[in-house]
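Enquirer: One-letter residues, chain by chain:
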Amino acid sequence: IAGITQAPTSQILAAGRRMTLRCTQDMRHNAMYWYRQDLGLGLRLIHYSNTAGTTGKGEVPDGYSVSRANTDDFPLTLASAVPSQTSVYFCASSDSGSPGYGYTFGSGTRLTVV
Amino acid sequence: DAKTTQPPSMDCAEGRAANLPCNHSTISGNEYVYWYRQIHSQGPQYIIHGLKNNETNEMASLIITEDRKSSTLILPHATLRDTAVYYCIPSRFRDDKIIFGKGTRLHILP
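Here the protein sequences line up with chains A and B, keeping their order. If you want the numbering used here, it's the position in the first sequence, counting the first as 1, plus 458. If you want the numbering used here, it's the position in the second sequence, counting the first as 1, plus 42.
These aren't lab readings, by the way, just hints derived from the structure by calculation. Among the hints, a few may not be true.
[What the hints assert, rightly or not] If you only want the chain A side, here are some residues facing chain B, beta carbon under 8 Å, derived:
id, residue
1, 474
2, 496
3, 501
4, 503
5, 560
6, 563
[Stated by the list, open to error] Cβ-Cβ distance ranges computed for the label pairs, FRET-style:
id, chain 1, residue 1, chain 2, residue 2, range
7, B, 101, A, 466, 29 to 35 Å
8, A, 572, B, 114, 42 to 48 Å
9, B, 50, A, 468, 27 to 33 Å
10, A, 478, B, 123, 33 to 39 Å
[What the hints assert, rightly or not] Each computed EDC-like pair below joins lysine to aspartate or glutamate, with the alpha-carbon atoms no more than 16 Å apart:
id, chain 1, residue 1, chain 2, residue 2
11, B, 139, A, 553
12, B, 144, A, 553
13, B, 111, B, 100
14, B, 94, B, 109
15, B, 139, A, 484
16, B, 45, B, 73
17, B, 139, B, 73
18, B, 111, B, 73
19, B, 94, B, 73
As the structure is a computational prediction, the values presented were derived from the model and not from experiment. Yeah, the Cβ is synthetic: ideal placement off N, Cα and C, and Gly gets one too.
Turn these sequences into a full structure, and let the hints steer you where they fit.
Expert: Structural data, given as C-alpha cells:
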C-alpha cells in the first residue's frame, strides 16, 4: 500500500541520548516534511525538503537535524534529546509540482524523553 | 502567508450536513485553500482544496466566496467517524510549507 512509513511507533528515550526517527515514502514525492505535535500547540513544522539533496528549516528547527540523501527517505535526528522534545512526530510528503492531493502523512512516532 | 480564522469547536448531529467556516481575508491570488482533518491520534488527512471555484469530491464539498475571503467545508451527511479537528490552510501549492493553525474541533453527536 502506497504511503509513508514511520519508525519506531513509539520510544522512550533517556535525556542526552541520540535518536533518529525514520520516515520512508514510496510515492516518489519530491517534497518531505517533519512536524511535531504537542497538546495545546497543534502541529508545528520542524524541517522540510523540497527535493533530494536539499533541506530547509521550519518553525521549530532547534535541536533537530535532517538529511535527504534520496527521494524516499527523510530521517530526523535528535543529537542530544531533552525532555521538551517529548512529542508526537509526524512525517509527510507531497508532490509539490501538483496541487491535486495535498500532503500525505504518516501515522506518527510518539517520543518520550525522560 | 494568509492568516485564517476558524471557530474553535462545533457540534453537528449525525446524518446532518456539517458546515465548517473559515475566514481567510488576506489570501493572495495564487494561494489555494486546502482543508485537512486530524482524527484523534492519527496523522492529518487531506480532504479537498480549491482556488476560486467550488469543488466536490467523495469526502466533501468546498464553497469559496467570490471575493475568496472565506470558504466553507461541507460534509454532506456527517457520521461519528467525522469527529476530528479540521484545518483550513491557504497555501501556494509550490510553496512547499503548510503551516497549521488551531483548526475547528468538530463533534458529531449521535
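Enquirer: Checking one constraint from the list: CA of residue 111/B to CA of residue 100/B, max 16 Å. Satisfied?
Expert: 25 Å, violated
Enquirer: Hint says 27 to 33 Å; check whether the CB-CB distance for residue 50/B and residue 468/A agrees.
Expert: 29 Å, holds
Enquirer: Are the Cα atoms of residue 139/B and residue 484/A separated by 16 Å or less?
Expert: 20 Å, violated
Enquirer: Taken at face value, is the distance from the CA of residue 553/A to the CA of residue 139/B at most 16 Å?
Expert: 12 Å, holds
Enquirer: Holds or violated: residue 94/B with residue 73/B, Cα cutoff 16 Å?
Expert: Between residue 94/B and residue 73/B the Cα gap is close to 10 Å, so the pair holds against 16 Å.
Enquirer: Residue 139/B and residue 73/B: Cα distance at most 16 Å?
Expert: 12 Å, holds
Enquirer: Range first: 42 to 48 Å. Now tell me if the beta carbons of residue 572/A and residue 114/B are that far apart.
Expert: 44 Å, holds
Enquirer: Holds or violated: are the alpha carbons of residue 45/B and residue 73/B at most 16 Å from each other?
Expert: 12 Å, holds
Enquirer: Does the CB of residue 474/A sit less than 8 Å away from some CB of chain B?
Expert: 28 Å, violated
Enquirer: Assess, step by step, whether the Cα of residue 144/B is no farther than 16 Å from the Cα of residue 553/A, and give holds or violated.
Expert: Judged against 16 Å, a Cα distance of about 25 Å means the pair is violated.
Enquirer: Can we keep the residue 563/A interface hint, with Cβ of chain B closer than 8 Å?
Expert: Holds, about 3 Å.
Enquirer: If I claimed the Cβ atoms of residue 478/A and residue 123/B lie 33 to 39 Å apart, would that claim hold in this structure?
Expert: 34 Å, holds
Going down the numbered hints, you'll see the structure goes against 1, 2, 12, 13, 15, while the others check out.
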